[in-house]
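Asker: From first to last, the protein sequence lines are chains A and B. If you're matching positions, the first sequence starts at 1 in the working numbering and goes up one per residue. If you're matching positions, the second sequence starts at 1001 in the working numbering and goes up one per residue.
You may find that some hints are simply not true.
What the hints assert, rightly or not - Where chain B lies over chain A, by a calculated footprint (3+ residues, C-beta under 8 Å): (1) 150–161; (2) 170–180; (3) 206–219; (4) 243–251.
Claimed, not checked - Derived pair list, reagent style SDA-like, types lysine to any residue, alpha-carbon separation capped at 20 Å: (5) B/1198 <-> B/1152; (6) B/1198 <-> A/353; (7) B/1198 <-> A/235; (8) B/1198 <-> A/230.
Claimed, not checked - Quick list of the computed label-pair ranges, beta carbon to beta carbon: (9) A/354 <-> B/1146: 16 to 26 Å; (10) A/199 <-> B/1111: 31 to 41 Å; (11) B/1178 <-> A/272: 36 to 46 Å; (12) A/354 <-> B/1062: 32 to 42 Å; (13) A/272 <-> B/1146: 25 to 35 Å.
No lab work stands behind these hints: they were computed from the structure. Quick reminder that beta carbons are idealized off the backbone N, C-alpha and C, glycines included.
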Amino acid sequence: MNRTRPGWAQWLAWAVATAVVSLLLFHFRDVLDKAHFALIYLLLVLGGSVASGHRVGLALAATSFLLFDWFFVPPYNTLTVANPLDWLVLVAFLVVSVVAAQMLHRLQVEADVARARAAEIDRLAPLESLRETHRLQNALLASVSHDLRTPLTTIKAVAHDLVRVDDRALVIEEEADRLNRMVGDLLDLSRVQSGTTIASVAMTPIDDLVGAALQRVTGAMPERTVQVHLEEGGTLLVGRFDLTSSLRILVNLLENANKYSPPASPIGLSAVRRDQWIVLTVSDAGAGVPTAERERIFEPFYRPPGAPPDRGSAGLGLAIARGLAEAQGGTLRYVPRAGGGSEFVLLLPAAELPVRILTL
Amino acid sequence: MIDDELAIRRVVRNAFQDTARVIDAATGAEGVDRAAAERPSLIVLDLGLPDMEGIDVCREIRGWSRVPILVLSARHADEEKVQLLDAGADDYLTKPFSTSELQARARALLRRAATEEGQGEPRVAIGILVLDIAARTLTRDGDLTHLTPIEWDLLRVLMTHAGRTLTHRQIFREVWAGRQFGDAQQYLRVYVAHLRRKIETDSLRPAYIFTEPGIGYRFASAGDFP
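So that you can see chain A by itself, here it is in the shape it has in the complex:
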């Protein structure tokens, strides 16, 4: 990765990418909302910053800002803006993309420094260096979260006040939430991909995991039936895993099942013990995943072919879910459901309970 001086080939590649993205978006100008254009341009800026450094990122931010204004903010083909609320969208876009490009740059530079320092310390004291790298990584993630989320809080609050004047401000508030989720997803992905294992693994009943997951998804899908099957005989299933990470995996699987299956069909959720494993299965009666796509769905930024543009996420969910499963010593895989549809199978390590604790 060339961070400081991108070569002419990279500049050209990103110029072509910008042109292609703009052409594609132009094609959908009458279908999509302004916020969609902003999000897609933002992805371009983030991609450029990550792959070719902050110079490319900032250049992309400025170019996207102008293209966005010129082609997608009415009146078209001028830099003037008809609706004052659109200024909010434009300015929010510019601020978020510049801050993001700068932050990613700072993150990479600091990560380089951290890596260099870690390598240095590594030769002297291996244990100390691990702790130091971990501390630095945490400090970096904290500062990225803070620098991105604080402006989002202000944008959200101002939009909230503007709803009284113009209800389209609701869209700004919702999109701020969406950006926040994306920031969270990108941070989680970087955490998972750095290969750190999860420290807070503890003995946890499956009741707790399933109960918390149901509670979290019920609000978002009130119409949907979730059929839950736990091990027969009423035995308490207990595993050794991190509740927060496993909850994220399970909620993601349930939300996917909800998105990709007909609304009237039930979603299945089952948990059983098999040897050393707790086997959790989320199944739906949707279209399933074609054979060729079955491993690709776990790659970051994957999108199902032909999926409508507004399905609300950047395609990071399953990549993060699998990373989180493996970081706790588990696995996550896809199997086709008998009779059509998908089954996602999450394996988590099972735990043994001493008999005495039940009588105290």
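Dock chain B against the given chain A, drawing on the hints supplied.
Answerer: Structure of chain B alone, referenced to chain A:
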């Protein structure tokens, strides 16, 4: 309102301008001083202050006051929430939050602070559960329910702090005080699961004991039931 960022201070001020007088402080030290001088009924504390760790601001104020503290943070990390709750913070809101969310949390904290004045009642009734602390009994819809000694203490701690999120450590410290515990701490969640199966109608869709993932548990408050 203790926050070094002007934009966030303005957001908070706007949220409460119709219902309260808002006092600003831009640093932790100033916040502690003004809290001592003005005796506010609620403190909103943003983390990431230039001069002090938020957790130290919490501890310092807790040294002499029971005033509810609502923490704002941009980090979505469980360890941080647990540390702050252990240090005496009452609730925790992650950025970005909406104005109505902030107002609702503040109202809930003020309401709870008002009802907690009357704590130490010998009998706690929430939903269909009645806990008689003197007689050490639990009735569920009028029927006596058998609990093991640990389950009883666990329920007593949760019900006497109804509506409040308790961390695993806070629960453990109260339930296992004076008990031989050895490695018992790791089974806390298992005891809660057993307790749920005795008091909940559907233990997978609990109405009384809510899991706060990575943090602890929260018991429903009497106001949650009609």
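Asker: Checking one constraint from the list: CA of residue 1198 of chain B to CA of residue 235 of chain A, max 20 Å. Satisfied?
Answerer: holds (14 Å)
Asker: Can you tell me if the segment 150–161 of chain A counts as covered by chain B, using C-beta to C-beta distances under 8 Å and a minimum of three residues?
Answerer: Three-residue rule met by the segment 150–161 of chain A, so holds; n is 10.
Asker: Within 36 to 46 Å: is that where the Cβ-Cβ distance between residue 1178 of chain B and residue 272 of chain A falls?
Answerer: holds (39 Å)
Asker: Holds or violated: are the alpha carbons of residue 1198 of chain B and residue 1152 of chain B at most 20 Å from each other?
Answerer: holds (11 Å)
Asker: Is it true that the C-beta distance of residue 354 of chain A to residue 1062 of chain B lies inside 32 to 42 Å, as the hint says?
Answerer: At roughly 37 Å between Cβ atoms, residue 1062 of chain B and residue 354 of chain A fall inside 32 to 42 Å, so the hint holds.
Asker: Can you tell me whether the CB distance of residue 354 of chain A to residue 1146 of chain B sits inside 16 to 26 Å?
Answerer: holds (22 Å)
Asker: What's the verdict on residue 1198 of chain B and residue 230 of chain A, does the C-alpha distance respect the 20 Å limit or exceed it?
Answerer: holds (17 Å)
Asker: Can you take a look at whether the segment 206–219 of chain A is actually covered by chain B? Rule is 3+ residues, C-beta closer than 8 Å.
Answerer: holds (count 7)
Asker: Between residue 199 of chain A and residue 1111 of chain B, does the C-beta distance stay in 31 to 41 Å?
Answerer: holds (37 Å)
Asker: Please check whether residue 272 of chain A and residue 1146 of chain B have a Cβ separation lying inside 25 to 35 Å.
Answerer: 29 Å Cβ-Cβ, so the 25 to 35 Å window holds.
Asker: At a Cβ distance under 8 Å, does chain B reach at least three residues of the segment 243–251 of chain A?
Answerer: Holds, because 3 residues of the segment 243–251 of chain A bring their Cβ atoms closer than 8 Å to Cβ atoms of chain B.
Asker: How does the coverage statement for the segment 170–180 of chain A fare against chain B, requiring three or more residues with Cβ below 8 Å from a Cβ of that chain?
Answerer: holds (count 4)
Checked against the numbered hints given earlier, this structure breaks none of them.
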